[in-house]
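Q: Take the sequence shown: its position 14, counted from the start at 1, is 41 in our numbering, and no numbers get skipped.
What the hints contain is simulated information worked out from the structure, not anything from laboratory work. Heads up, the beta-carbon is just placed ideally off N, CA and C, and yes, glycines get one too. Take these hints with a grain of salt, some might be off.
As the list claims (entries may be wrong) - Here are the computed distance ranges between Cβ atoms for each label pair: (1) Leu-123 to Arg-38: 16 to 24 Å; (2) His-63 to Leu-123: 14 to 22 Å; (3) His-63 to Met-28: 27 to 35 Å; (4) Ile-104 to His-65: 30 to 38 Å; (5) Arg-99 to Val-127: 43 to 51 Å; (6) Ser-81 to Ala-132: 24 to 32 Å; (7) Gln-59 to Arg-96: 13 to 21 Å; (8) Gly-101 to Ala-130: 48 to 56 Å; (9) Leu-134 to Ala-93: 42 to 50 Å; (10) Val-102 to Thr-129: 47 to 55 Å; (11) Pro-121 to Ser-66: 30 to 38 Å; (12) Gly-115 to Leu-61: 15 to 23 Å; (13) Leu-74 to Glu-37: 24 to 32 Å; (14) Val-67 to Val-102: 22 to 30 Å.
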Amino acid sequence: MDYRFLLANERTFLAYVRTALALQIAGLGVLQFLTHGHSVVRYSLGLVLVLAGSALGLAGYRRFRANERAIRAGVDIGGSGSATLLAGAVVLVPLLAAVVLTALATL
C-alpha cells in the first residue's frame, strides 16, 4: 500500500472541513451581523449557509471514509456528489439572496 494516497485522501478531507467551516462561519456572520434589511432574508440565508456547511462536512467525512476503505482494499475510488452540493451552495444561495434583497428594496 502506498501511503501517499492515504495522505492525499486526508488532505482532501481537510479541504472539505475548511470549506464546511467557511460556509458555517459565513452563515453565522450573516445571522449575527447583517442587521439591515428584512430579518426573514437574514435568517434564511444564514441558516442555509450553516446547513450547507454542515452537510458538506458530513459529505466530506463520508467520502474520506469510503476512499480510505477503497485505497486499503486496492479497488477503484468512486465519484463524489458533494461537489454538486458545494457548487449549489456557493452559486445559488448568494444569487437567490441578492434577488430577494433587490426585490425587497424596490418595495
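Q: Taking the earlier hints as the rules, which of them does this structure contradict?
A: Of the numbered hints, 1, 3, 4, 7, 11 and 14 do not hold.
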